[in-house]
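**Student:** Chain residues, written in single-letter form:
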Amino acid sequence: MKSVLPILTIVGAILLIWVVAVIPMNMHLTADQAQRDGLVVTPATPAERQGYSGLGLSFANPDLIPLTYNLDRPRLPSPHQVAGEMWDTIALRNVTSRQSLVYHGWVTLSSTLVGFVIGTTLGILLAIGIVHNRAMDMSVMPWAIASQTIPILALAPMIIVMMGQFGIQGLLPKAVISAYLSFFPVVVGMVKGLRSPDAMQMDLLRTYYASASQGFWKLRLPASVPYLFASFKIGISAALVGAIVAELPTGARAGFGARMLVGDQYGNPLVTWAALFAAAITAAALVAIFTAMERLTLRRMGMAAA
Amino acid sequence: MTADTVISAQGLNLTFQTNDGPVHALKDVDLDIRKGEFVSFIGPSGCGKTTFLRCIAGLETPTGGTLTVNGMTPDQARRARAYGYVFQAAGLYPWRTIGGNVKLPLEIMGFSKAEQAERVARVLALVDLAGFEKKFPWQLSGGMQQRASIARALAFDADILLMDEPFGALDEIVRDHLNEQLLALWARTEKTIGFVTHSIPEAVYLSTKIVVMSPRPGRITDVIDSPLPKERPLDIRDSKEFIDIAHRVREGLRAGHVDD
Chain A
1 MKSVLPILTI
11 VGAILLIWVV
21 AVIPMNMHLT
31 ADQAQRDGLV
41 VTPATPAERQ
51 GYSGLGLSFA
61 NPDLIPLTYN
71 LDRPRLPSPH
81 QVAGEMWDTI
91 ALRNVTSRQS
101 LVYHGWVTLS
111 STLVGFVIGT
121 TLGILLAIGI
131 VHNRAMDMSV
141 MPWAIASQTI
151 PILALAPMII
161 VMMGQFGIQG
171 LLPKAVISAY
181 LSFFPVVVGM
191 VKGLRSPDAM
201 QMDLLRTYYA
211 SASQGFWKLR
221 LPASVPYLFA
231 SFKIGISAAL
241 VGAIVAELPT
251 GARAGFGARM
261 LVGDQYGNPL
271 VTWAALFAAA
281 ITAAALVAIF
291 TAMERLTLRR
301 MGMAAA
Chain B
1 MTADTVISAQ
11 GLNLTFQTND
21 GPVHALKDVD
31 LDIRKGEFVS
41 FIGPSGCGKT
51 TFLRCIAGLE
61 TPTGGTLTVN
71 GMTPDQARRA
81 RAYGYVFQAA
91 GLYPWRTIGG
101 NVKLPLEIMG
111 FSKAEQAERV
121 ARVLALVDLA
131 GFEKKFPWQL
141 SGGMQQRASI
151 ARALAFDADI
161 LLMDEPFGAL
171 DEIVRDHLNE
181 QLLALWARTE
191 KTIGFVTHSI
201 PEAVYLSTKI
211 VVMSPRPGRI
221 TDVIDSPLPK
231 ERPLDIRDSK
241 EFIDIAHRVR
251 EGLRAGHVDD
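These protein sequence lines map, in sequence, to chains A and B.
For the first sequence, position 172 matches number 172 in this note's numbering, and the numbering has no gaps at all.
For the second sequence, position 229 matches number 229 in this note's numbering, and the numbering has no gaps at all.
Some hints here could point you the wrong way.
What the hints assert, rightly or not - In silico DSS-like cross-links for lysine-lysine, where the CA-CA straight-line distance does not exceed 27 Å: (1) A:K218 <-> A:K233; (2) A:K218 <-> B:K134; (3) B:K113 <-> B:K134; (4) B:K209 <-> B:K240; (5) B:K209 <-> B:K35; (6) B:K230 <-> B:K240; (7) A:K218 <-> B:K230; (8) B:K113 <-> A:K218; (9) B:K209 <-> B:K230.
Derived from the structure by calculation, the hints contain no laboratory data.
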């Protein structure tokens, strides 16, 4: 619990920067609105105001500063507006409603989890192959690395269109993209984990004339567990990003990605920002769950010394 | 070579090919070890003492000469699980309890559950670790961990125990204590023990036969059959015989160093 204070300090600093940044970011919009409402604005016309920076305009119109925090369609929403939107769409809506972020969150989360399971399984199997088969050792890793250099934003629409061609729609194409992003950290971590036993450990098993599968189940696999959890934590957040990205280019009607796009297209930044924060909180929660599972597993295995 | 010879090496050679040219790790090594002997290999690093032990275990393959263990090739002996091997580090699995670690070879070799439990209890008692079965390795001191690893090597009743500087990483007081216990264990189990060390007092105190080796190329320079009695209290180290043998070992080590 000693990490609470440093974390709160950082959160506080970010909030402070955010709150200050709202003023210049929104000042032009505020000034335009104030002029329409008949308030005194300097300079008086939008054309003249274009010559000012957001900061300059703020100094010229200190009276308008409070108004920058309550625009309907702000360029940068203030923290309390985002919080309000989130409260509204998470707590006050029926979870089955299309207006509910819980509904959209579940859509994204379900394909995230399916994709994560596919990606993790694939990653573990590939890692086992790499460690036990020389041909796979030489060939798989370069392809795995190459696969991650392709921008997922370019690949996602192709996967979705191609799978749609075969009549596969909805959750599965998104899960495939999640799997595509999450298998990689699992392969890398798992290969390292399976190879973590040193030469002496391998020699010891040779003195017992142990088979390769005994070596795998009794030594390599348990030794890889700490590495596996590190990979899980990276993999699950990558899977969430994958699911969101998969929702962006395809006109998906539900999910965090769809909400972000809707907010953007209809000029309603509050919706985008609320979805963004909800996604970040979801990712943090998923990572926290894996951290707790890691602690529990390692303690059970007797490896969480002191 | 007599009827009770357990390990026999004749003209044994092992050359490693490295980027700097061939390295003669072992050159023309002749040695017979009889059943029940406690043989120490002593010499500076690079003299091939560990390599020789690994050859006996079938972990390295000699490039020339013959080597038999229980009348078989080392690899056959390894398959027949003819020896237990103790490394310099205890190498216990951190995710297994002490009992679980001792059980490891028994699981691999397919002993029944009941027999596993019986053997674990027996060998842990043998190394004075009864009652620590359910503890994890990190809960034990370094000396206790090494004793657990000896128990692990004893668990499947191999007649030969090969030990590669097993107490090298421990402090002197713990080491004395473990040496005393090892002698008692040897007397009780009548195993044949091959023991690599670079401590002269340790070699003289423990062994019935001391093999002095020297490097470049790795070879045997002296083989000393110890006149010390089998029963050896720690204070035997102050006796004249002990000091005489230690002196001879030191001379042998010095002779091997003339080329430096």
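**Student:** Take the hints in turn and mark each one as holding or not.
**Tutor:** Hint check results:
1. A:K218 <-> A:K233: holds (25 Å)
2. A:K218 <-> B:K134: holds (18 Å)
3. B:K113 <-> B:K134: Distance of about 16 Å is within 27 Å: holds.
4. B:K209 <-> B:K240: holds (18 Å)
5. B:K209 <-> B:K35: holds (12 Å)
6. B:K230 <-> B:K240: holds (16 Å)
7. A:K218 <-> B:K230: With Cα atoms ~40 Å apart, A:K218 and B:K230 exceed 27 Å; violated.
8. B:K113 <-> A:K218: Status holds; Cα separation ~16 Å.
9. B:K209 <-> B:K230: holds (12 Å)
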